[in-house]
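One line per chain: the protein sequences are A and B, in this order.
Under our numbering, think of the first position of the first sequence as 1, with each following residue one higher.
Under our numbering, think of the first position of the second sequence as 270, with each following residue one higher.
Hints in this document: simulated from the structure, not taken from any laboratory.
Since the model is a prediction, treat every value here as computed from it, not as a measurement.
In this text, a Cβ means the ideal position worked out from N, Cα and C, and glycines have one as well.
Please note: incorrect hints may appear among the correct ones.
Derived DSS-like pairs: lysine-lysine, alpha-carbon spacing no greater than 25 Å straight-line [what the hints assert, rightly or not]:
(1) A:240 <-> A:259
(2) A:240 <-> B:323
(3) A:106 <-> A:86
(4) B:377 <-> A:240
(5) B:323 <-> B:365
(6) A:65 <-> A:44
(7) B:398 <-> B:365
(8) A:186 <-> B:398
(9) B:412 <-> A:186
Some but not every residue of chain B turned toward chain A, in silico, with C-beta under 10 Å [said to hold, decoys possible]:
(10) 300
(11) 301
(12) 334
(13) 336
(14) 345
(15) 348
(16) 358
(17) 361
(18) 362
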Amino acid sequence: MGILERNNVSVYGEGPGTIMFAHGFGCDKAMWRYVSPAFEDQYKTVLFDNVGAGGSDLSAYSYEKYGSLEGYADDIVEIGRELAIKDAVFVGHSVSAMIGIIAAKKAREMFKALVLVGPSPCYINDDGYVGGFTLPQMEELLEFLDTNHLGWSAAMAPVIMGNPDRTELVEELTNSFCRTDPAIAKHFAHTTFLSDTRPEISGIDIPVLVLQCSNDVIAPEAVGEYVHRNIPGSRLVVMKATGHCPNLSAPEETIAHIKEYLDELSTGR
Amino acid sequence: MNSQQADDSLIDDFEDFFDRSLNGYVIASPTGVILRANARVGAWLGYNPEDLTKMNVTDLLSIGGKIFFETHLRPLLHMQGMFDEVALELIGSHGKRLPVIANAMERKDEQGSVMFVRFTFFRAVDRRKYEQNLREERAQAVKGLRSEQEVSALREQFIAVLGHDLRNPLASIDAGIRLLAKRPLDRRAVAIVDLVRSSTIRMAALIDDILDFARGRLGGGISLDLHPVLLEPVLLHAIEELRISNPDRQIKTQLDLPLPALCDPGRLSQLVSNLVANALTHGAHDGPVSITATQNASGFELTVANTGLPIPPSVLQNLFQPFKREAERASHQGLGLGLYICAQIAQAHGGTLSASSDHASTRFTLKLPA
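Just need the whole structure built from these sequences, with the hints factored in.
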């Protein structure tokens, strides 16, 4: 199976430039559905599922490879090389913001700018660093996922009814969420929430926009500030949107901030 | 009662239903701020319903549930307008945990923007305990099965390796005996050489059986080398060999096999030879062994019959299982793999091998599809 099938890659839009959108833990590429179309008139947009999520090839899941964020970053580099992507913009949500940083350092020609939506280089508090969670709390999360197969399977194959306005989603959701294996979800949670990529974020020398939500339980404001502080020349925007998924709860605001930033980059202001 | 009173009492009833339902109800803003919670949720968690209105729904969840909610359930709500049947734990004011099943649905206005999110919680204490037990039982069963499989795989590998390793020294014994036989020997030595040689042949046959068995178990069945052949000469040759080594026995054949059949002739000879040898060994020594075979467009059928004591039903039942040697009648010929291998050969051809036994005769019947 090819790389594009493995990661369920889809390419839309026209344009000299390219934007790659990467989803975070707990979801799949469908979470960009209200954002990515807004860029299709000026950019080629590349969307994909992390291996283990959505419509990716579950048989390609390796507990060793995906036991660290490096494995996911390698996949991004492979997708980029397969599509001959150069000087593109990478938009990564949640853990994929960090995966994008690792990928950008592995293949420096591939990305000219990074947009990090709700990034967190380390979720666990550590000696003056505020990640938002304690280690026992993270262990509780992993236990929760372990004992909550019911929740996963039920949430992944919801009985979709009474949503006449969302019928176009039904097939995609039931299919993609169904195919996410609870054991893989749990392992991805392990890889994500126990990761510490603080050493990775320094040494990024391309323009970086940090989109920080208000009242984000997963990545609190202090974390967004930490990322901003440690990437020289980066810009931090604190959004009006609350929660952890502004790409779903406030797509217009998300689009506006990204567009503004990209316009400024291209006009060189 | 006038209609105004009826309306009032209906509204009262709705209020009562909302508060005193056995389910917990929470109405929240699109961002999750609790606008109203029913008395049931308050009672479960040890809050006044008014105090709950200052909180966010996620404040009621365990840490695991909170992260799950933010990363999975809230995206689901945004994308499909609802989620249901999700196992969560609510955390009470004193840290007490209550397992629930949660459902949520967005309520939208005419323009499609979300006005409220309605949550329904079902108490699931017993259910969660039951699931916990099921999970533990499953884990136990998986563990038991895994160790069982390991032992069994090890056993079969052991047999295969053993079979291979026995072949080499046996081949050198055989070669040595052949060399010895060519030298001038006295009568006593010739007799010894013959004895060793026939033991070598028998042992080689036993090892072949072991390897066939291991191949059948480990390699996903016996593999066949299929050709279209006329079966009659193939079967007669196998039977003739046994006739020569059993000159005092009566072997009757009645073969009517005019059509070529797609099969592995070597394997079929092995099968028939095995059945006939069994009949000669276990059947009445003064009675005949009869082999009949017929063939038509739909397939091939062969029966090997002998007279003598019937096979007891308890033995008949497990006849084709490996290592189930007939315990009740002494036979020191083999390992009890012969019939198992015969059945495997029949199965590999898409056919069946069956046995029946009564006072008149014991019959083994092979049926192969065309």
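Consistency of the hints with the structure:
1. Note on residue 240 (chain A) and residue 259 (chain A): the hinted pairing holds, with a Cα-Cα distance of about 16 Å set against a maximum of 25 Å.
2. Proposed proximity of residue 240 (chain A) and residue 323 (chain B) is supported: the alpha carbons are some 20 Å apart, at most 25 Å.
3. Distance check on the hinted pair: residue 106 (chain A) and residue 86 (chain A) sit about 13 Å apart at the alpha-carbon level, within 25 Å; holds.
4. Distance hint between residue 377 (chain B) and residue 240 (chain A) is fulfilled; the C-alpha atoms sit about 21 Å from each other, no more than 25 Å.
5. Restraint check: the Cα-Cα separation between residue 323 (chain B) and residue 365 (chain B) comes to about 20 Å, which is no more than 25 Å; the hinted pair holds.
6. Simply put, residue 65 (chain A) and residue 44 (chain A) have alpha-carbon atoms about 29 Å apart, too far for the 25 Å limit, and the pair is violated.
7. For the proposed pair residue 398 (chain B) and residue 365 (chain B), the alpha carbon gap of about 16 Å is at most 25 Å, so the pair holds.
8. A C-alpha spacing of about 21 Å is found between residue 186 (chain A) and residue 398 (chain B), which places the hinted pair at or below 25 Å, so the restraint holds.
9. For the hint pairing residue 412 (chain B) with residue 186 (chain A), the CA-to-CA distance comes to about 20 Å; that is within 25 Å, so the pair holds.
10. A cut of 10 Å between beta carbons decides the hint on residue 300 (chain B): the least distance to chain A is about 5 Å, and the hint holds.
11. The beta carbon of residue 301 (chain B) is positioned within 10 Å of a beta carbon in chain A (closest approach about 8 Å), and the interface hint is therefore held.
12. For residue 334 (chain B), the shortest C-beta to C-beta distance to chain A is roughly 6 Å, which falls under 10 Å, so the interface hint holds.
13. For residue 336 (chain B), the interface hint holds, the least distance from its beta-carbon to any beta-carbon of chain A being 5 Å, beneath 10 Å.
14. Below 10 Å, beta-carbon pairs count as interface contacts, and residue 345 (chain B) has one with chain A at about 6 Å; its hint therefore holds.
15. At about 6 Å, the closest approach between the beta carbon of residue 348 (chain B) and any beta carbon in chain A falls short of 10 Å, and the interface hint on this residue holds.
16. For residue 358 (chain B), the interface hint holds, the least distance from its beta-carbon to any beta-carbon of chain A being 8 Å, beneath 10 Å.
17. Because the closest C-beta pair between residue 361 (chain B) and chain A is about 16 Å apart, greater than 10 Å, the hint is violated.
18. Look at residue 362 (chain B): its Cβ only gets to about 19 Å from chain A, farther than 10 Å, so that hint breaks.
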